[in-house]
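Q: The task is simple: from the sequences and hints, build the whole structure.
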Amino acid sequence: MSRKALLIIPELCIGCRACQVACKSWNQLPAEETINEGTHENPTDLTAYTYNRIKFIEKPLNEKGIKYLFVSQRCMHCGEPLCAEVCPTETLFVSEEGAVLYLKERCIGCGLCRKACPYDVPRYDENGEISKCHLCIDRIWEGLEPACAKTCPTSSIKFGEREELINEAKKKGYKIIYGEKDFGGLGVIFALNEPPEVYELP
Amino acid sequence: MTNHYIDFKNADVILVMGANPAENHPVSMKWILKAKEERGAKLIVIDPRFTKTASKADLYFPIRSGTDIAFLGGFIKYIIDNELYFKDYVIHYTDASFLVDPEFKLPDDLDGVFSGFNEITRTYDKATWKFQLDENGVPKKDPTLQDPHCVFQLLKRHFARYTIDMVSEITGADKEKIEAAYKIMGETGKPNKVLTVLYAMGWTQHTIGAQIVRAVSIVQLLLGNVGMAGGGINALRGESNVQGACDNGLLFHILTGYNPAPSASDVDLKTYIEKYTPQTNEPKSTNWLSNRPKYIISYLKALYGDHATSENDYCYEYLPKREDGESLTWLELFDKMYEGKFKGFFAWGQNPACSTSNANKVRKALAKLDWMVAVNLWDNETASFWRGPEMNPEEIKTEVFFLPCASSVEKEGSITNSGRWLQWRYEAVKPPGECLPDADIINELYFRIKKLYETEGGVFPEPIIHLTWEYGKKNQEGKIEHMNPHLIAKEMNGYFVTDILEHPLDGKSYQKGQQIPNFLYLMDDGSTACGNWLYCGSYTEEGNMMARRGQEDPTGLGMYPNWAWCWPLNRRILYNRASVDPEGKPWDPKRAVIKWDEAQSKWIGDVPDGSAPPLAKEGGKLPFILKPLGVGAIFGPGMVDGPFPTHYEPPESPLTKHPFYSKVFYNPVIKIFCTPEDLLAACGDEKYPYIGSTYRVTEHWQTGLMTRTTDWLRELEPQNFVELSVELAEELGIKSGDKVIVSSCRGKIWAIAIVTPRIKPLKVMGKTVHFVGLPWHYGWRWPEDGRGGDNANLLTPSVGDANTLCPSTKVFMVNIEKI
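Taken in order, these protein sequences are the chains called A and B.
In case it helps, the working numbering puts the first sequence at residues -16 to 185.
In case it helps, the working numbering puts the second sequence at residues 1293 to 2111.
Hints in this document: simulated from the structure, not taken from any laboratory.
Note that CB positions come from ideal geometry on N, CA and C, so glycine has one too.
Since no wrong hints were added, every one of them can be taken at face value.
Some but not every residue of chain B turned toward chain A, in silico, with C-beta under 8 Å:
1. S1347
2. T1990
3. R2006
4. Q2011
A: Okay, here's the thing in structure tokens:
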């Protein structure tokens, strides 16, 4: 089976956060009891019950005014995931489709995967077991796209064959394809026109 | 909208002002971004704050809230001075060349008011707001546009003082950016370049709101952008079905299909028809509304069936009548309620204790009622007003009945979007518990009220007893068990009441009970019944057109004529006859909405605005078929506050005098309410030094009843907030996340401060002006512990637009203090 991926184009993201809600809805994740901490960004971090979130980046620019960016944060589904590599109990593995999956019952909550993750993604639920984005693998297996991609009104999140998505992004003239090669190639690729730092991508 | 959502993809330039589609109409951004990506369209966003939409703009700059006419007036001047207008379009399709009464005077002649202003009644006598007529009763014209009394020259003179310097002084916007916007938009006066304008409540909710829209109408007529694919004037409406509500007469002054609601002096049908059926002496005008008699009589036939006969004026006398000149807008209704002038109130699918400007006045008004019926999905601040803040339940007499209703996904029916598309929706799940669809609640009420009239009589029972009410299967008592939305939709479409042997339109025969194909078939002799003439064609003998899901796109312009159905007549772009030259050739052949096919002698493309040939052909007609004179109106004598838009300050403003008039400050004809609750801050009041404005966020819907109660949405925007600039926050020692009190002279609420570089102080007439913004989604009732905060409408004033009384929620003066 060819590798699947999400292509994320922050330039098309309007920060509506339908992806956050669709994720919670499909995965039946409970809402967090949040407060407004002086920002629209909420929840303010990934948790065991928040698999994806949009970071709101406000950067004042001297002459041109301001940059207001919306950037998806979630498991990047590395081709060669360090989390799986360090896991002592083989909880984590890469599926045929390229999703980094986990078997909760194997997890001992040692926290090594989070320490190893270059994107600081895995979180642990109230039983101390790993919890994170699984690329809606249950939907993919039924021939559906992940909930976040399905709901995105501007096609800022697109699901498809990884190679095709990369080619499409290049064809559209995006200067940087973030994640094409890193860690065995990411399963969540960003098409950018400015350096990754601008989008607070490591 | 003149156009529709998908059509945004056809634009060359997109102006977003008084709207924030990325936040409030997210799906529309798909088409805006497509225009940018595929056509290289330029997106211009002008807003007091840098919005999510602004994040995608090619050009953004802030202006002071409420100064949109200054900006647009400056653009009108720029178009005229630089001769950027589309001359052929302007001369043939607008009233620019028409000569106005020489006695007509502009505000520049009279220090701020047009001719005919009465200072005592604060109204206009419109005697001079008219055209000079020739011997045939047709307006005199000067196609050279040189006559000093022609509309074009008056327009030029009226906006002469709106120089870029002046616009910058009033709006606080940067001169270079203003000019850059004018330059980009001014390019679209060419036949093959199009500007679309998207607006929403940021334009309408001002004391000069209707005139802001008038100003942009003038812009689009000068540039020849009305009727064009990728053009037009497009209101992104504030609720998914508010277009449907307006179409179907839910406003006080109209019946269905925008037929005027009668007043007391419209004593009989003849008087009504004479008064509301426009006449014209212009031979090339279609004057579509000359069909009014067919529409009103067919409407009465739909209401009263066999009871409506030519002998009894088709039961016209049953229609409720307002007192002459009586205005019953939202603000006025609550003013009357506050004065104790009515006993009962149905709060149906609404939450005025939060949604209405000056909500404290509303909350107090509710206490003056004997009873209220609240129909809603959830208990809310209106239904529970009696136990809300500052209320003592023991002292409140109002008896409240709460009826739980079904949500939109728990029932079947049609929804009409901003682009006038009627789309059929299905019941996804059954309503929970005792919740009923609204129509079934109305059915219960109707049945019981009718029974009371039948058994106990009454002063005038016939209008109720004689109503047609054949919307479903009846039980033994004669009550409909469940309202069938298909039967309602069929009545709205209309049906033949009698057999017609030879219809004058097509010579064909039609049988009694058959659905009417479209409104061209409606008659004024009682042989047709139609609940809403604009919807005639939506549910025909071919079936429910609203349920169609065809994805064909023959023009490639995204009109999808077989997807759902659109009023009128499935016409996707209004005024499309203006998209062709007088010979019928598209101004822009690459985006041809319609074109005249010489060989077949007919139009092809979209459904044309009337089938008559193009203007220059024999029998040709002018494009603006709803206007009696057939042309787009640059001169607008129908407005109550002047035939041209002019900048007036908001009643609450940081300025102490008008930028260029000495006699007037704010719109001189707005209604001022006089209860003790109707306070306005004095000009330049130091207690309330900052401009406040309200708006919405994606995550919440209106007053938040459907979203504050949804945990996943409340997680994203949990609490009331106020956005303010870094500069103001520094001045006041406020940090992001601080709890602050925002107050106006009418009320105060707490909010969490969001300090952001997306808001900047502006320099206005030499003075630094700060802006703060709040959402209006929150209320004390939910979350129950009050941690969400209360509604920003506790701060807003009960003043409204001069024409519409749409409340002025976008500019009011506030103070902000750290707790």
